[in-house]
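Chains as they are written, first to last, in the working numbering: chain B, 1 to 356; chain V, 1001 to 1356; chain C, 2001 to 2356; chain Z, 3001 to 3356.
No lab work stands behind these hints, which were simulated from the structure alone.
Incorrect hints may appear among the rest.
[Said to hold, decoys possible] Simulated pairs of lysine-lysine, BS3-like, Cα-Cα distance not exceeding 25 Å:
| id | chain 1 | residue 1 | chain 2 | residue 2 |
| --- | --- | --- | --- | --- |
| 1 | B | K222 | V | K1287 |
| 2 | C | K2023 | C | K2280 |
| 3 | Z | K3220 | V | K1222 |
| 4 | C | K2023 | V | K1092 |
| 5 | Z | K3079 | C | K2280 |
| 6 | Z | K3222 | C | K2222 |
| 7 | B | K269 | B | K245 |
| 8 | C | K2037 | Z | K3356 |
| 9 | B | K92 | V | K1287 |
| 10 | Z | K3222 | B | K80 |
Being a predicted model, the structure only gives us computed values, none of them experimental.
Number of protein chains: 4
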Amino acid sequence: MKKLIIIILLFAAVNFTGVGQRKIVNLPDLPGYVTLKCDFHLHTVFSDGNVWPTVRVDEAWRDGLDAISITDHLEYTPKKDFIPVDHNAAWKIAENYARDRNLILVHGTEITRNMPPGHFNALFIQDASLIAVDSVWDAFAAAIKQGAFLQWNHPGWRSQEPDGIPKLYDMHRKLLQNKWLHGIEFFNDSEYYPLVMTFCKQYNLTVIANSDNHGVISEKYKEPAYTNRPMTLAFAKARTHDALKEAMFAGRTLAYFKDMLAGKEEYAKPFFYQCISVGKPYYENEKSIYFEIVNRSDVPFYLINGVPESPASITLPANSITRVVVSRKAALPLVYDVKNIITGEDEVLKVELTFK
Amino acid sequence: MKKLIIIILLFAAVNFTGVGQRKIVNLPDLPGYVTLKCDFHLHTVFSDGNVWPTVRVDEAWRDGLDAISITDHLEYTPKKDFIPVDHNAAWKIAENYARDRNLILVHGTEITRNMPPGHFNALFIQDASLIAVDSVWDAFAAAIKQGAFLQWNHPGWRSQEPDGIPKLYDMHRKLLQNKWLHGIEFFNDSEYYPLVMTFCKQYNLTVIANSDNHGVISEKYKEPAYTNRPMTLAFAKARTHDALKEAMFAGRTLAYFKDMLAGKEEYAKPFFYQCISVGKPYYENEKSIYFEIVNRSDVPFYLINGVPESPASITLPANSITRVVVSRKAALPLVYDVKNIITGEDEVLKVELTFK
Amino acid sequence: MKKLIIIILLFAAVNFTGVGQRKIVNLPDLPGYVTLKCDFHLHTVFSDGNVWPTVRVDEAWRDGLDAISITDHLEYTPKKDFIPVDHNAAWKIAENYARDRNLILVHGTEITRNMPPGHFNALFIQDASLIAVDSVWDAFAAAIKQGAFLQWNHPGWRSQEPDGIPKLYDMHRKLLQNKWLHGIEFFNDSEYYPLVMTFCKQYNLTVIANSDNHGVISEKYKEPAYTNRPMTLAFAKARTHDALKEAMFAGRTLAYFKDMLAGKEEYAKPFFYQCISVGKPYYENEKSIYFEIVNRSDVPFYLINGVPESPASITLPANSITRVVVSRKAALPLVYDVKNIITGEDEVLKVELTFK
Amino acid sequence: MKKLIIIILLFAAVNFTGVGQRKIVNLPDLPGYVTLKCDFHLHTVFSDGNVWPTVRVDEAWRDGLDAISITDHLEYTPKKDFIPVDHNAAWKIAENYARDRNLILVHGTEITRNMPPGHFNALFIQDASLIAVDSVWDAFAAAIKQGAFLQWNHPGWRSQEPDGIPKLYDMHRKLLQNKWLHGIEFFNDSEYYPLVMTFCKQYNLTVIANSDNHGVISEKYKEPAYTNRPMTLAFAKARTHDALKEAMFAGRTLAYFKDMLAGKEEYAKPFFYQCISVGKPYYENEKSIYFEIVNRSDVPFYLINGVPESPASITLPANSITRVVVSRKAALPLVYDVKNIITGEDEVLKVELTFK
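With the hints as extra help, turn the sequences into a complete structure.
Right, here's the structure in full:
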């Protein structure tokens, strides 16, 4: 009798299901494209990470991502006394595991050198071991030969650039001339580099956000400090490995982290308008117009620099409806800067709020 | 210098906006109808509640409701030594306040008698003071004369029915004969009464969920015990006071509380199918079929009684995607009982899962 | 059978107990004194607040406070069309209710005038109605005649001082000359006024933190923005109404809000040392000393300005143990500024960390 | 200018400190003993776990534990295609890492056989590789030769005992006769086995709770399902490796998981009284006595079976103060069963509540 009571106690909080659940990440598609949520920079015990490759798949699946790449260092394998070096091990272990979970696994690796040129991920490759060569230029060539998307990682990392500012060295210019450099990380881990926007616009490169995680994702990116992990939003023609590759080479991305988006205006602007909808005024009087703005995305938007007679700033929290009362004297449509959508080194997105 | 540091410290967590935000309640519309989230049973300092009427509007707005009714007791006004009795006071105070917030305010009151007949809310009235009469039957008549929707409150409340089981007394049968009774609370506060489903189906009454709150909503309905307050989902032709009234008289509702829905199968079934979508299999092999079920609603669904060779149970948490692997031997489509959608005193909804 | 399952579902999260629970606020006593947690500024429906007086008692009890005062405005009663003015109503309603909950209720009221002199609370009074007189000086005199502790409220409130900076006007100087002014709010709601520290030290006044709440405490002070409500820590000889009064007149307080403490160094310093303990080194080698610092209080401490060879800053989160590794070259004991313990307008507490 | 704004945005939530913080686990010491919080059953990539050994140290340190043992399977090493088998690898990797963090690391391993005899941890060993022998009895002997504490793991694990009930087979009886068996897991992961209490009392064995974790601790044991990981509370004469070993052989433990404690009454009773204190009545009238019970521990206590005229049940939530009102007719001291302190297969702890 007492035992029964005790058993119920313990049982109550346990949820048996035999199936798994993942989060829905509320980030809209763009017209004609599906928005794939990706993290292209992750480590495991096969370089200096602390988890088994399947953990990266489980984390990404749970977090609602569509694609990841495990990119262990080629040149830095501090666990080699216990784990023999095998640059394709993570791929071999995770490949079917990802397929069974409907997660796109991108074969990748990290070319890890001093600055210049620094660290680079080679993505969409076939065999990482062929890229493990002495000369960094040979390594780049070997990656490109496999059709790799070459991504410059954390270009302003303070361990390599003490002032935190990315710089284009000769090697980078040579990569650009060869069209061998395809993207740069704007966000890496909890850092970001405004100048990357200038590079990406000038040389037509893809803007990227990755976690570069070595430990446990859920222990790093948790509330209240972080509501989400860094991710690259790739606007692909379909939810497939090849469509993702095409989108990355075409530069159709936004970089997303915390409450910030960064990328080219041509993607940032329609993305914003897909996230929010401005309702028809529900009440008006001689003085004011009352209406609601719905933000159905996980990204809050901070509208600032309102013109006179309109609200100076409007916060549109993630997944919520905001009530706005504006004076009849305000010029319509309302125009704002979106403080947390970065479209250039010194530039944020400008938007208009038009009643439905 | 130090002052500056201190000021930043304090400032960081404060969010100035000048506008207000409300929650999005993820409960889908039905084809041809908008789903209005309503709480028709609330108290204020004008009877035995502890808050001012505007608090009820603010709470409902923040919680994403579409409509409320403040229903102070006519016959129980324990604060009258400090607050003179005025049965329409809450309405007068809250009317414009609700309009400015795009919330539908339903004029209501509670007729408060011993059992039988117990407590009843008169909703959609014009003047509560005219219903404050000695004879309960006269009170009912006065309400009906105003076109009231008459709702029987917490029919199994243990203070009035010690065994917790609702009973139809002569007075109730007389109300039914007169077509004066229109709905019954299935959920009230944190209680519920399975027998109400039988009454509602037998006499064609509206199934209702209300909070009957006297204190502060956010202090009662909070995690981990409660993810949401009780609410009646009314399927209305538009988001207006009159369309809501029409829906309530027509009985187009579901009662919603915690992780439970209760109501007639004709509304429960399409509502379930609006909440979930079953994806096309993303992987198959000789043994198994792999697919995902998306639940875009705030209601988790507990599927049980799976047939042999299919998962015995599947949990579809609120706002998440569930991965399911089924044997090729399983009979398709998969059929399940939804444990937390109550369609009768002893009955839950049966559903089919069909690939898109 | 199915009903049983359903009933268990609903029951699981409901906690019936018949008794009530309150939070333990982890703030240590000082040697010879008990630390009473107090909020001396609260409103109800009897002025411009939105809750019944018993709600203030319930909130304070749940939040682990020892004492409160309900201080409705004498001169501002916007609900008087529905609630007749009675300046002692809140006291009469809450007195026994507080006694039954082991909460010290301080009879108080708010004298509410334009600046100068602004708003003042009269605390520890007997009859608020006697203070409701035309001349503000007469009101002060009537309060003092009842033995009141006179507290200047939010002296830099921007509605009365557009630059946010408190100013001593003639009326304030006259109050100081008469010894009629006893304390000033350093924290009010989510504001604070650094200059108050200068006034309190110069004129030997009591430093105070109050919520000045008009709505619902738990809706305002909640995570992640706020971990706690503002409160005055009074160091009293016993947990009684009269000992609290003595402590307030004697100026033995600290003002506490969010992650900040403010007050005189003579109380701030021993309070800090009661909160933390520095462990004996648990490991040492040629280069470094390893030890732990325990912070058993709800207040995090931010140690900054470490000397060379010692950590530049150390964060001691609330209720946690911090591991510190210091170089053998560091000068012992370690000295730091505690960024969030304010002891003057431009001054924070300086502390030493000495191994046990 | 805009860049500045953006930088502050990102910076706000990031907490740089250079030192680490751990949780305080509020579980009191017993008179004469320190309470060491231990998890003696953990896996890593060196058997079938998914994390690197240092992760186990970091997790335990953060969770406020005092001691752990990493106990990779000797006979089950599914990652051997990628990681060569080394039964002491985890120990070698974690030893200094634990020392630097003030965590006691117990050298251990898991002997992993079919039932009978099932799985056993050998704790406090020197060399796991010597225990990796064919015959299970030889393995036991090799462990005992190293002075091992032998712990029977999850004796009712359904993969080995389909009915979930632990059974003593010949091998177990032989171990008992030899005095080679020292303890049994009452809690393992989220399971527990009431019968273990009977075995432990009959044969004077140590009652143990372990996580047996293979993945990430923080992803398994999190709210709302779990407030803490399973842990063995060992009452040791000092916080040292050797004192812990002595306590374990002496059987001075309680097993702790979720909101349950299990163990011998001689430890459970004083532990309960160290957790709670009953205050002196703060108010009395003709009918009732009002007092408070403080529970300063992380364990809630559910008091049930109150005698007539006293509350039928009292819940004492973790780290809180409970207000109790008892009738003057109640027999004092109040006596209760503590539903969640298990002292036998069918037995819970009985306690008395005496005013201070």
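A quick look at each hint next to the structure:
{"no.": "1", "hint": "B:K222 with V:K1287", "in the structure": "38 Å, violated"}
{"no.": "2", "hint": "C:K2023 with C:K2280", "in the structure": "32 Å, violated"}
{"no.": "3", "hint": "Z:K3220 with V:K1222", "in the structure": "23 Å, holds"}
{"no.": "4", "hint": "C:K2023 with V:K1092", "in the structure": "38 Å, violated"}
{"no.": "5", "hint": "Z:K3079 with C:K2280", "in the structure": "42 Å, violated"}
{"no.": "6", "hint": "Z:K3222 with C:K2222", "in the structure": "21 Å, holds"}
{"no.": "7", "hint": "B:K269 with B:K245", "in the structure": "23 Å, holds"}
{"no.": "8", "hint": "C:K2037 with Z:K3356", "in the structure": "23 Å, holds"}
{"no.": "9", "hint": "B:K92 with V:K1287", "in the structure": "22 Å, holds"}
{"no.": "10", "hint": "Z:K3222 with B:K80", "in the structure": "33 Å, violated"}
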